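Participant: Here is what each chain is made of, one letter per residue.
Protein chains: 2
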Amino acid sequence: MTEQLEAALNEFSQCIGESYVMTDVETIIRYETATFKTDRKILGVIKPGSVAEVQACLITASRYGVPIYAISTGKNVGYGSRVPSCNNAVVMELSRLDRIIDFNEDLGYVTVEPGVTQQQLFEYLKEKKSNLWMDATGSFTSHSLIGNIAERGFGHTIMADHFGNVGGMEVVLPTGKLLQTGLGRFKGAKARGIYRWGVGPYIDGLFTQSNLGVITQVTLWLMPAPPCYQKFFCSVEKEEQLPELIELLRPLRLNGTLRSAMHIGNDYKVFGSMQQYPWEETGGETPLSRELLDRLSEKWDFGAWNASGALYGTKGEIKAAKKAIKKQLRGKVKSLRFLDERLMSIAEFIKVPYRWLTGIDLGDMLKILRPVMGLTRGVPTNEFLPSAYWRKKSPAPNPEDADPDRDGCGLIWVAPIAPTGGVYAQELWSIVKRCLLKHSFEPSVSITLLTERAMDCVINIAFDRTVAGEDEKAIACHDELLCELTTAGYYPYRLSLASMELMDKDQSSYMGLLKQLKQTVDPAGILSPGRYGL
Amino acid sequence: MTEQLEAALNEFSQCIGESYVMTDVETIIRYETATFKTDRKILGVIKPGSVAEVQACLITASRYGVPIYAISTGKNVGYGSRVPSCNNAVVMELSRLDRIIDFNEDLGYVTVEPGVTQQQLFEYLKEKKSNLWMDATGSFTSHSLIGNIAERGFGHTIMADHFGNVGGMEVVLPTGKLLQTGLGRFKGAKARGIYRWGVGPYIDGLFTQSNLGVITQVTLWLMPAPPCYQKFFCSVEKEEQLPELIELLRPLRLNGTLRSAMHIGNDYKVFGSMQQYPWEETGGETPLSRELLDRLSEKWDFGAWNASGALYGTKGEIKAAKKAIKKQLRGKVKSLRFLDERLMSIAEFIKVPYRWLTGIDLGDMLKILRPVMGLTRGVPTNEFLPSAYWRKKSPAPNPEDADPDRDGCGLIWVAPIAPTGGVYAQELWSIVKRCLLKHSFEPSVSITLLTERAMDCVINIAFDRTVAGEDEKAIACHDELLCELTTAGYYPYRLSLASMELMDKDQSSYMGLLKQLKQTVDPAGILSPGRYGL
Chain A
1 MTEQLEAALN EFSQCIGESY VMTDVETIIR YETATFKTDR KILGVIKPGS
51 VAEVQACLIT ASRYGVPIYA ISTGKNVGYG SRVPSCNNAV VMELSRLDRI
101 IDFNEDLGYV TVEPGVTQQQ LFEYLKEKKS NLWMDATGSF TSHSLIGNIA
151 ERGFGHTIMA DHFGNVGGME VVLPTGKLLQ TGLGRFKGAK ARGIYRWGVG
201 PYIDGLFTQS NLGVITQVTL WLMPAPPCYQ KFFCSVEKEE QLPELIELLR
251 PLRLNGTLRS AMHIGNDYKV FGSMQQYPWE ETGGETPLSR ELLDRLSEKW
301 DFGAWNASGA LYGTKGEIKA AKKAIKKQLR GKVKSLRFLD ERLMSIAEFI
351 KVPYRWLTGI DLGDMLKILR PVMGLTRGVP TNEFLPSAYW RKKSPAPNPE
401 DADPDRDGCG LIWVAPIAPT GGVYAQELWS IVKRCLLKHS FEPSVSITLL
451 TERAMDCVIN IAFDRTVAGE DEKAIACHDE LLCELTTAGY YPYRLSLASM
501 ELMDKDQSSY MGLLKQLKQT VDPAGILSPG RYGL
Chain B
1 MTEQLEAALN EFSQCIGESY VMTDVETIIR YETATFKTDR KILGVIKPGS
51 VAEVQACLIT ASRYGVPIYA ISTGKNVGYG SRVPSCNNAV VMELSRLDRI
101 IDFNEDLGYV TVEPGVTQQQ LFEYLKEKKS NLWMDATGSF TSHSLIGNIA
151 ERGFGHTIMA DHFGNVGGME VVLPTGKLLQ TGLGRFKGAK ARGIYRWGVG
201 PYIDGLFTQS NLGVITQVTL WLMPAPPCYQ KFFCSVEKEE QLPELIELLR
251 PLRLNGTLRS AMHIGNDYKV FGSMQQYPWE ETGGETPLSR ELLDRLSEKW
301 DFGAWNASGA LYGTKGEIKA AKKAIKKQLR GKVKSLRFLD ERLMSIAEFI
351 KVPYRWLTGI DLGDMLKILR PVMGLTRGVP TNEFLPSAYW RKKSPAPNPE
401 DADPDRDGCG LIWVAPIAPT GGVYAQELWS IVKRCLLKHS FEPSVSITLL
451 TERAMDCVIN IAFDRTVAGE DEKAIACHDE LLCELTTAGY YPYRLSLASM
501 ELMDKDQSSY MGLLKQLKQT VDPAGILSPG RYGL
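Note that the protein sequences, when read in sequence, are chains A and B.
In terms of my numbering, the first sequence has 175 at position 175, counting the first letter as 1, and numbering is strictly consecutive.
In terms of my numbering, the second sequence has 479 at position 479, counting the first letter as 1, and numbering is strictly consecutive.
Don't read these hints as lab results, they were simulated from the structure.
Note that the structure is predicted; figures quoted are calculated from it, not measured.
Accuracy of the hints is not assured; some may be wrong.
When chains are identical, the list treats them as one kind, so a pair holds in a single copy or across two.
Calculated lysine-lysine pairs in the PhoX-like style (CA-CA distance at most 25 Å, straight line) [unchecked claim]:
#1 K37 x K473
#2 K515 x K187
#3 K299 x K393
#4 K515 x K177
#5 K177 x K505
#6 K326 x K238
#7 K326 x K315
Generate the whole structure from the sequences, applying the supplied hints.
Facilitator: Shown next as structure tokens:
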């Protein structure tokens, strides 16, 4: 340990209390561990308990030239978890800043700190008997709302584009200066958090996917619970029908009949959310062959591509949307089905008549449907975490106990973005399929119609880190996949620790400007160096 | 003329051709003239014809330290027209960059240069027999789309928030460097212009309401023409019912039943769009008294506050939305009415039965309804320009010939933003009313429910610049109004040349950061100095 670092750690202790400065081996290892291989070393972990402490820590770090890697709760699973983008950093975790600072039922917003988790907000709204819904992701219920927003993550409802529903921020600059974005810059501004652009240049975007500041508050918009909502499902039988399916759904998303994100999982993806790798049936071989997948999944009624979306509104509005959807899809997709809470509760109790009504064999399907339905109305769930244990040979733990980092689950997400169109879907899928199968991984993907015009294809490379050689194979697969995707023009909507280097190659004037801005706001270069190439 | 300037002008001439460098008195006066008093002097006007020429001009300007004030087509009427934010600048007008560079029917976008006007895009879509609609403002058909986006202006449809529907930009930095924002930074990126956030920090907002770069291209999203659309109207009789009306409409806008901006004009506003100031009836007195306004407007059926919005979708979707609106409003507002193209064409020809059907006395009303209806589907119009001649004693010219700058029309817009709520509307209105009447101007306002949560109150101070003393009275009224509004927490969503000084008072860290950024990207300080306080 250098003298500089030691002095800095001492000062951190004075600022935030000794017990919140950790350098023990166990902690270090935990924070150096992701769901894929990384050789980043960290020097310690600090957990400030207030904005003032965050400011003090950054000032100290600047003085001693110690890099600080800021995380919210560190649940960035599949993208690098808590591991820094540079070597020899001190991780600053913000989980202790966990207050819900403001809430407005009439205008539909909440102001949170970085430690506020999905579950916490969900409980808060319940406790307030609020008529507002949040948007949730299918990742940890304990992940930070701000952490996800900072990475521009997405969910399932009308508010799926999380950064798109941010009304304002509070940010600590690397120099320790505190600022309010949007109208928050003016004391007493009534539309603070309400009108996001503010007056003058709009800067909130600078603090997402970046290292230009530490977000310490976000005002997040919420949606009023609609009088009714329905989940709907449809699928196509054959893999080759993907472009067709995308072309069918595109106009519905573009014209606003579908106001929420739509998710389309392939059979690998759906199967992987229902059970672990069938080691017995495959005799230990990987990857899972199409034939076996087809045979094993026969008992369920899913297709090669399975789309699900949701409708929100009055009874009449939903009826009208259903009609428009049916008109567009009927006869062209397999099993177009609508599902509401009433049908769900019936299904829970009366599985046989339900099967008779809808043709869906419930069985384990309900295990997935329940949380899927919940996500449609912003209910966070851990039910999808066990899918990170796909290639593990021991049984996955209960959802609440799942910890993929700890348990050696291998998982790397790659999430390229494309225009919503059949031709793009086809090209993307053929790259993914070829590349993953070549490296003996299942090409498990979900395609999200994220906005009116853009879709994101989330590819998971799933493996078992405890099997020798798998870490290296997965990274090789990842690197080849990323290279092929970007060469074809498909860039990820966010980067994992494994793909951050992509930015280092960027010689554009855009990158030049960002580097100038970084130099301006962080002259000591101490905040999360290397994040997104900065 | 200093030597520096002379040398710069020579170099501009070499770069872009002598005929595009203007320093004649007539041009100078035209560019120094707005619809309110300003004492800004300009040194000349340059009109580059390409991005390369824009770059060359900025490099030249930097070398000679000559401030450049960039405008698109300069139709920022009511906010300062073409007049620079600083003294002794050379105005760089981009009207010659008028290409429509890219267009995609399936994905609903168009890429335009700063010289592309509303009308040009409208004609282009018509010519292409496109099924896409643009969003239009009620200002000049000849105003630049980019000019409006750069000021974060708004319109009337689902795409009313213009900057909110930008998928990417091309920008020339003050140093002459060219950059593409969003995914455009990567050569060959398929989702360029489609997915706005890109990868890494999102920076587009930096180039709106700012002087950090010159926007030379914008990819603008368009909406698919819905199978059906309907305009709807409602009003409240008494001035005091404003909060009530806002509270009634708020939930409809928040829950997405109303997906487009809603406009609420008061009686002064509606009256002012139908005729000029009634000089005869008032015997030359100002302001217009409530009694006279009531008497003169009796023949039309408008209330103290008149709301109009629009519904888009399939027949079924519109029916459902209508039902939800009726449920919320019926019995609580006056004359809730729906109007579609069919009814409009009937009305054009058969005015008597129409009156019988709807209760609306058509007469001059159709003159307003036609362009209002057009704006609902993105048809630009000049029909509202004559309202800038409100206080003129000579008759307003035909809409196509209107030129408020030239004709000495007095007009200052002030556009404070507020959360959508009755209490805010009430407070805003009482400030506006008191202040405008005090200075003998009519408190003519329209309140736009711009987003799900925010409303913008556009106040116009209208006067006759050719009447001695009016210029000064109007500025005094403006300054007092702005001061009262901001003291109460209502900040404008954009600033006029008259209100730009507001930013000079801002001592926030936000402003500090912006100033640092300005210094970084424009070390010579030559691009539009003073805009938004930078």
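Participant: All the hints need checking, so say for each whether the structure fits it.
Facilitator: Hint check results:
{"no.": "1", "hint": "K37 x K473", "in the structure": "within (10 Å within a copy, 71 Å between copies)"}
{"no.": "2", "hint": "K515 x K187", "in the structure": "between (31 Å within a copy, 19 Å between copies)"}
{"no.": "3", "hint": "K299 x K393", "in the structure": "within (23 Å within a copy, 82 Å between copies)"}
{"no.": "4", "hint": "K515 x K177", "in the structure": "both (20 Å within a copy, 14 Å between copies)"}
{"no.": "5", "hint": "K177 x K505", "in the structure": "between (31 Å within a copy, 19 Å between copies)"}
{"no.": "6", "hint": "K326 x K238", "in the structure": "within (20 Å within a copy, 45 Å between copies)"}
{"no.": "7", "hint": "K326 x K315", "in the structure": "both (16 Å within a copy, 14 Å between copies)"}
When the structure is compared with the earlier hints, no violation turns up for any of them.
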